[in-house]
Amino acid sequence: MRAALDVLSAVLLLTGAAFCVLTAVGVLRFPDPVCRLHAAAKAQTLGVLLILGGTACQVSAHHIVSLALVAVFQLATVPVVGQVVGRTAYRTGAVHRESLVADELEARLAEDERGG
Amino acid sequence: MDAVFVLTVDLLAASALLTVVRIVRGPTVLDRIVALDVLVTLIVTAVAVGIARHDTGSSVPLLLVLTLLGFIGSITAAHLVEEREDMR
Amino acid sequence: MTPANAGPGQPRRPRRPAGRRLLALVWLWLLWIMLWGSLRATVVVGGLLVAVGVLTAFRMPPMRNRLTLRPLRLVRLTGHMLVDLAVSAVSVGWAAVRHGPRAPAAVIEVELAENSDLLIATTAYLTTMTPGTLVLEIDRERRLLYVHALPVPGQDAVDAQRRAVSAAERVAARAIRDSENRRTF
Chain A
-11 MRAALDVLSA VLLLTGAAFC VLTAVGVLRF PDPVCRLHAA AKAQTLGVLL ILGGTACQVS
49 AHHIVSLALV AVFQLATVPV VGQVVGRTAY RTGAVHRESL VADELEARLA EDERGG
Chain B
38 MDAVFVLTVD LLAASALLTV VRIVRGPTVL DRIVALDVLV TLIVTAVAVG IARHDTGSSV
98 PLLLVLTLLG FIGSITAAHL VEEREDMR
Chain C
53 MTPANAGPGQ PRRPRRPAGR RLLALVWLWL LWIMLWGSLR ATVVVGGLLV AVGVLTAFRM
113 PPMRNRLTLR PLRLVRLTGH MLVDLAVSAV SVGWAAVRHG PRAPAAVIEV ELAENSDLLI
173 ATTAYLTTMT PGTLVLEIDR ERRLLYVHAL PVPGQDAVDA QRRAVSAAER VAARAIRDSE
233 NRRTF
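Residue numbers (the numbering used here), protein chains in the order written: chain A, -11 to 104; chain B, 38 to 125; chain C, 53 to 237.
Just so you know, nobody snuck in bad clues.
These stretches of chain A come out as covered by chain C in the derived footprint (C-beta under 8 Å, 3 or more residues): (1) 12 to 19; (2) 32 to 42; (3) 48 to 58; (4) 87 to 101.
Taking CB as the label site, the calculated pair distances span: (5) 48/A - 97/C: 23 to 33 Å; (6) 222/C - 38/B: 41 to 51 Å; (7) 40/B - 94/C: 39 to 49 Å.
Hints were generated in silico from the structure; no laboratory data involved. Every residue, glycine too, gets a C-beta built ideally from N, C-alpha and C.
Using the sequences provided together with the hints, build the complete structure.
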């Protein structure tokens, strides 16, 4: 039982850490804040969840509830950060609009501006 | 199992290093906000690994506090950026 | 404004806000107990007091429509979300390694079929978890979602992402909607 848990825990911890590395690579390499947000919102969240899972295999039972709460908080807050930061990035011009394949928000914002 | 912990922490440290590079380079405040958010989350994971290794439950509240603090920090910073932009 | 002080005898607003606030109360209470991690009397009673205090101090805005949650489908929704998150993480990680600074991105407008606050919020949430998409703007009045997609090599991929968001909306609607429609029409 102990050995099985250790193996599971090792797998979870290492995959989680691998996703954290992928996130960092994304944050470093992607061209603008919103693309970097993609990495932060997805790869990083999965990384945290996996590592918390790996930790849960190692600790005594009554800490698992708290770890689960951390996971829930992560899952609940990440999309909010994504939307707030993403929206601000677009509106303040931090996104390279000219490099976008398609941009359907630009026309709408211009239209709203004209309409008052 | 010790080797696993060490390797995990090494990977996390490497990620943190890359993230710090992004914080230094920017170029916009929002890039730094995103990178800082990732860095806080990396600290959460590192503390979690520490808990797994030593089974010290006393650090568990730290995880909760860091998670929520990172969230509130990012949101507040993004709002500040937006407000500053509106004032122009 | 809020029907908070409308007594149970009033016919138009039968116990809806009370039910929702009771749910919030129980959740906050449980959260407090879980955070303390103990069942001592001070924690249990204190938690109840704090929960009541928080709910009195911060009134939740009233929702436009009535909602009934379906537990089983919500569980399925959660599973769906976690699978999506895993696929997302792999796909964005691959994009970071493969495309890096030249990752092709797009901002897409998606029309929403539904018109309830919670459902639109859930859709936005699921969209962020869906591979390759991140919500930028929610235009509540026009019922439009502006989504940042990555990577999108061409118009085909743009359309595929648009369909993915609509699919997320349907998943959300299946878990939350039915009773709401019965109620509003």
